[in-house]
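These are the residues of each chain, in order.
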Amino acid sequence: MTTNTTSQRGAAVHARGLVKTFGRVRAVDGIDLDVHRGEVFGVLGPNGAGKTTTLQMLATLLPMDGGNAEVLGVDVREHPHVVRQLLGVTGQYASVDENLTARENLRLFGRLLGLSSTQARSTAEDLLGRFGLEDAADRAIAKFSGGMRRRLDLAASLISRPPLIFLDEPTTGLDPRTRGQMWDTIRELVRDGCTVLLTTQYLDEADQLADRVAVIDQGRKVAEGTPDELKSQVGSSSLQLRLVDPAHTADAVEVVRGLVAEQPTLTPEAGGITVPLADANRAADVLIGLRQRDLPISSAAVHKPTLDEVFLALTGHGTEDTRPEPEMEPTR
Amino acid sequence: MTTTTTLTPGEPTVTARTLAGARDLPTRPSVRETVSQSLALAWRALLKMRRNPEQLVDVTFQPLLFTAMFAYIFGGAISGSVSDYLPLLIPGILAQTALTACMATGIQLREDMDKGVFDRFKSLPIARIAPLVGPAVADLVRYGTAATLTILAGLAMGYRPAGGLLGVVAGWLLTLVAGWSLAWIFTWLGTVARSAQAVQGISMMVMFPLTFLSNAFVPADTLPGWLQAFVRFNPVSHVVTAVRDLLNSGAVTGDVGWALLGCALVVAVFGTLSVRTYSRKM
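For the record, the sequence lines run as chains D and Y.
Each residue of the first sequence is one higher than the one before, starting from 1 at the first, in the UniProt record's numbering.
Each residue of the second sequence is one higher than the one before, starting from 1 at the first, in the UniProt record's numbering.
Think of the hints as simulated: they come from the structure by calculation, not from any bench.
Quick reminder that beta carbons are idealized off the backbone N, C-alpha and C, glycines included.
One or more of the hints may lead you astray.
Claimed, not checked - Computed list of lysine-lysine pairs in DSS-like fashion (alpha-carbon distance at most 30 Å, straight line):
| no. | chain 1 | residue 1 | chain 2 | residue 2 |
| --- | --- | --- | --- | --- |
| 1 | D | K304 | Y | K115 |
| 2 | Y | K115 | Y | K48 |
| 3 | D | K143 | D | K231 |
| 4 | Y | K115 | D | K143 |
What the hints assert, rightly or not - Now the stretches of chain Y that chain D is said to cover, found in silico as 3 or more residues with beta-carbon under 8 Å:
| no. | region |
| --- | --- |
| 5 | 169–178 |
| 6 | 228–234 |
As the list claims (entries may be wrong) - Simulated restraints, written as ranges between beta carbons of each label pair:
| no. | chain 1 | residue 1 | chain 2 | residue 2 | range |
| --- | --- | --- | --- | --- | --- |
| 7 | Y | S81 | D | T118 | 55 to 63 Å |
| 8 | D | E39 | Y | L39 | 37 to 45 Å |
| 9 | D | V222 | Y | R32 | 43 to 51 Å |
| 10 | Y | A22 | D | S299 | 35 to 43 Å |
| 11 | D | G129 | Y | R276 | 50 to 58 Å |
| 12 | Y | G257 | D | G129 | 36 to 44 Å |
| 13 | Y | L261 | D | V19 | 26 to 34 Å |
| 14 | Y | A22 | D | D228 | 31 to 39 Å |
| 15 | D | T21 | Y | L152 | 17 to 25 Å |
| 16 | Y | A198 | D | E39 | 42 to 50 Å |
| 17 | Y | L152 | D | G129 | 47 to 55 Å |
| 18 | Y | G116 | D | A261 | 43 to 51 Å |
| 19 | Y | G21 | D | V222 | 52 to 60 Å |
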């Protein structure tokens, strides 16, 4: 018997009206998500926004209280076992067995995924190599650093080469260097053809990795788009200029007002001019205008709003700084 | 996903649109997959046991201690002498140590379920029962150790089972079967209780009546009538009687049948309940 399910052809994840309640709290309150194939989709929000809960429902780890979802065309509620065959899930807290070594963990998960003993062994070796864990392969996991655990966890999620990977806060608690390595790994996965759905509370992470971002706050989706679209939703870019000769300031202001009809902000003593731009492309017009009037500049920069500003504008509150102390990698 | 799928003709499948094109995937794990997944998880449990040998205290020292203690304390009072009491006592201790070992199954499962690795088990396309069956299979090692040491302690104290080697092996095997079956009661407790301490507390309240309100240590006809009724109903009594018959006369009596039936019933009821609560808890 073959069941055909209907949804958009290209969707890796297609969810409508997801709801999860814990007691009286609506942790997820009607979220729609569409993740296209081959993209990195970021779910961005502060702690407790409902990111992890959403992911867990899509991964069959939590039953949905409302709404419906399809993963690669398969209904999550109806066919959880099929969905599990399509997914690699890496949780917020490393879900590996602390009683086993890294090598034993990978072999165990390989066996559980139906690999023969020899296949499981060679897959484990491959992954240990790829994630730089050969040296630590036979060490107790209790002695692993946060970054090593996270790498092992991700390695375990890749054993079955799943087409879709869920990463729940993949770099929370990692130091900047380890975070950069994790980002590289995620980019590699996408190059190999994986679709990645990740949650993060770090705006720069969404900016760095995600093709598209959904901003979640208090169980609801408050915005969606590419990082650039989100940024352009809140206000404008600005052009920051510095004149070689501060005496030219008045002339320069005249040029700017003639071209973009905006009042620039001045720092006259240093010859600095900040021009608000509704459209970043107008920056070139301003530069050409100054050149034509022979008003030389020493520097020019277009500044875009950060996702932090975006978040504040969208939700009316900032992302509380919940970033924990970075963990240190032990010296080898 | 080149690895997990072994499609059996006739199994229901669902088409998933992966990057490599449409692929038919099974909607549930096959029996063969369930068995191999359970064995993989039994291997994990054995590795854990080897890393934490202190987990084996309850199946090594305890049977030795209890055999000696009970024999010398109750022997004279119940059977007139220690040597006369041993044929009655050893099968009782076998049942008691098996039950104590089962109790640890539930507690360890609860502790395990609170750890991150169980999240991964849940996210994997494996049979929901495998994470419960795996540790249960590995625990056969524990029941085997407990039963062997109890019999050896008895032999050292002068017990000479009339059932001979065959009877002893049969009694030993029945103890293992009973331990594995009754462990499902505690596995179920492990899936419903909120903490390992809670499992321990509730398990004690289940384990003590099951052991002592049976014919494990005293002949049932010395008990008041209402208690005799419970003792007769208690599956542990049937196990004890059956093991006694096997050890002391080598006879396969009707009680062996009743014991196996009782065990099968416990597995059917508590196995089903366990899988249901475990799957719902995800």
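Do the beta carbons of A22(Y) and S299(D) sit within 35 to 43 Å of each other?
-> violated (55 Å)
Is the hinted range of 17 to 25 Å satisfied by the C-beta distance from T21(D) to L152(Y)?
-> violated (57 Å)
When you take the CB atoms of S81(Y) and T118(D), is the distance between them in 55 to 63 Å?
-> Holds: the Cβ-Cβ distance is about 59 Å, inside 55 to 63 Å.
Take the C-alpha atoms of K115(Y) and K48(Y), compute the straight-line distance between them, and say whether it is at most 30 Å.
-> Holds. K115(Y) to K48(Y) sits at ~14 Å (cutoff 30 Å).
For the region 228–234 of chain Y, do three or more residues have a beta carbon lying closer than 8 Å to a beta carbon of chain D?
-> It is violated: at least three residues are needed, and the region 228–234 of chain Y offers just 0 whose Cβ sits closer than 8 Å to chain D.
Straight-line Cα separation of K143(D) and K231(D) no greater than 30 Å?
-> Distance ~42 Å between K143(D) and K231(D) Cα, so the pair is violated.
So does G257(Y) sit 36 to 44 Å from G129(D), Cβ to Cβ?
-> violated (56 Å)
Quickly compare the C-alpha distance for K304(D) and K115(Y) to 30 Å and report which way the hint goes.
-> violated (43 Å)
State, for the Cβ atoms of V222(D) and R32(Y), whether the hinted interval 43 to 51 Å holds or is violated.
-> For V222(D) and R32(Y) the Cβ distance comes to about 48 Å; the hint holds.
Indicate whether the distance between the beta carbons of L261(Y) and V19(D) respects the range 26 to 34 Å.
-> violated (47 Å)
Given the hinted pair K115(Y) and K143(D), is their alpha-carbon gap at most 30 Å?
-> holds (17 Å)
Could you check the hint for me, namely that A22(Y) and D228(D) are 31 to 39 Å apart, CB to CB?
-> holds (34 Å)
Comparing the model with each earlier hint shows violations of hints 1, 3, 5, 6, 10, 11, 12, 13, 15, 18, 19; every other hint is respected.
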